[in-house]
Amino acid sequence: NAGVTQTPKFQVLKTGQSMTLQCAQDMNHEYMSWYRQDPGMGLRLIHYSVGAGITDQGEVPNGYNVSRSTTEDFPLRLLSAAPSQTSVYFCASRFHWAGELFFGEGSRLTVL
Amino acid sequence: SQQGEEDPQALSIQEGENATMNCSYKTSINNLQWYRQNSGRGLVHLILIRSNEREKHSGRLRVTLDTSKKSSSLLITASRAADTASYFCATGGNNDMRFGAGTRLTVKP
Chain G
1254 NAGVTQTPKF QVLKTGQSMT LQCAQDMNHE YMSWYRQDPG MGLRLIHYSV
1304 GAGITDQGEV PNGYNVSRST TEDFPLRLLS AAPSQTSVYF CASRFHWAGE
1354 LFFGEGSRLT VL
Chain P
247 SQQGEEDPQA LSIQEGENAT MNCSYKTSIN NLQWYRQNSG RGLVHLILIR
297 SNEREKHSGR LRVTLDTSKK SSSLLITASR AADTASYFCA TGGNNDMRFG
347 AGTRLTVKP
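Those protein sequences? They're chains G and P, same order as listed. Under our numbering, the first residue of the first sequence carries the number 1254, and numbering increases by one thereafter. Under our numbering, the first residue of the second sequence carries the number 247, and numbering increases by one thereafter.
The set of hints was computed from the structure by calculation and includes no laboratory data. From the three backbone atoms N, C-alpha and C, an ideal C-beta is built for every residue, glycine too. The reader is advised that the hints may include incorrect statements.
Here are some chain G residues the structure puts well away from chain P; computed CB gaps all over 12 Å [as the list claims (entries may be wrong)]: (1) Asp1309; (2) Gln1310; (3) Gly1316; (4) Thr1324; (5) Leu1332.
Below, in silico cross-link-like pairs of lysine to aspartate or glutamate (DMTMM-like), each with a Cα-Cα straight-line distance of 25 Å or less [said to hold, decoys possible]: (6) P:Lys302 / G:Glu1353; (7) P:Lys272 / P:Asp253; (8) P:Lys272 / G:Glu1353.
One chain only, chain P, in its complex shape:
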């Protein structure tokens, strides 16, 4: 079964607004990663947060991790039309990495 579950399944916002996506997972993890997928393309790594970290930033991205609740959030600030894509969280065990079903983000110009 899939490890991570994203919420919401779809999100539509206006350019300039912030977008928040959530991820919940079931078992202990070493790290949690977020990926982006443009339509018809492969996934691209965005950010990795380790299990002993609570928050991490990268440009307009902010990721939080709450291991007690087994959840993470991805915040994209000041969104742009080019941010339109699907976003996936992935949790890493010892040797494999499992993905959730993703959040489809649409940013309207």
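Isolated chain G (complex conformation):
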């Protein structure tokens, strides 16, 4: 099994550009989430989804959009990138709302 796959692994954007970070899982997990990791801040929850068609905001949702049209995919959209969104982004999924999270390898985003 591939587990949780994130693309791209690295991306450089200019301020104001838009892009989508892709996340796919092949474990039939209902729950998926996006985190950002900044030095000294740990992981902060951006958005999460408890199933297809259902999304909700986490701790730091501003500037990000998500959708969940299928169980497998949970893309994260930056509509107008800002330097403050420079970070490493992690997608994670789990089978049960109280179970362990499986993480992707991360997407490193730099906004100039």
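Given the coordinates of chain G, assemble chain P onto it according to the supplied hints.
Frame of chain G, contents of chain P only:
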């Protein structure tokens, strides 16, 4: 705001020594989990302890949970250089999971 807070922020020990990391949290939880992150990689789940459990073991890992103090500890016994990584506690609510800032463990050979 983040739910869990790890202590210490950084820990440096010699190979063979034990490493203890602590986690405090603020609200009621269903479970508490510990994760490990090697530099530049995604997080990997280590162990989960439920709110009605007080202690759990997995190999060289021992986790305790004190819900009255809203705290947990992770003990790694007989540490190895390969244990060098960042360790995070995470607390689970109904639908989301919040992480602390982590403890950076360095095990010197």
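Okay, the hints, checked on the actual structure:
{"no.": "1", "hint": "Asp1309", "result": "violated, 7 Å"}
{"no.": "2", "hint": "Gln1310", "result": "violated, 10 Å"}
{"no.": "3", "hint": "Gly1316", "result": "holds, 18 Å"}
{"no.": "4", "hint": "Thr1324", "result": "holds, 16 Å"}
{"no.": "5", "hint": "Leu1332", "result": "holds, 23 Å"}
{"no.": "6", "hint": "P:Lys302 / G:Glu1353", "result": "holds, 15 Å"}
{"no.": "7", "hint": "P:Lys272 / P:Asp253", "result": "holds, 15 Å"}
{"no.": "8", "hint": "P:Lys272 / G:Glu1353", "result": "holds, 20 Å"}
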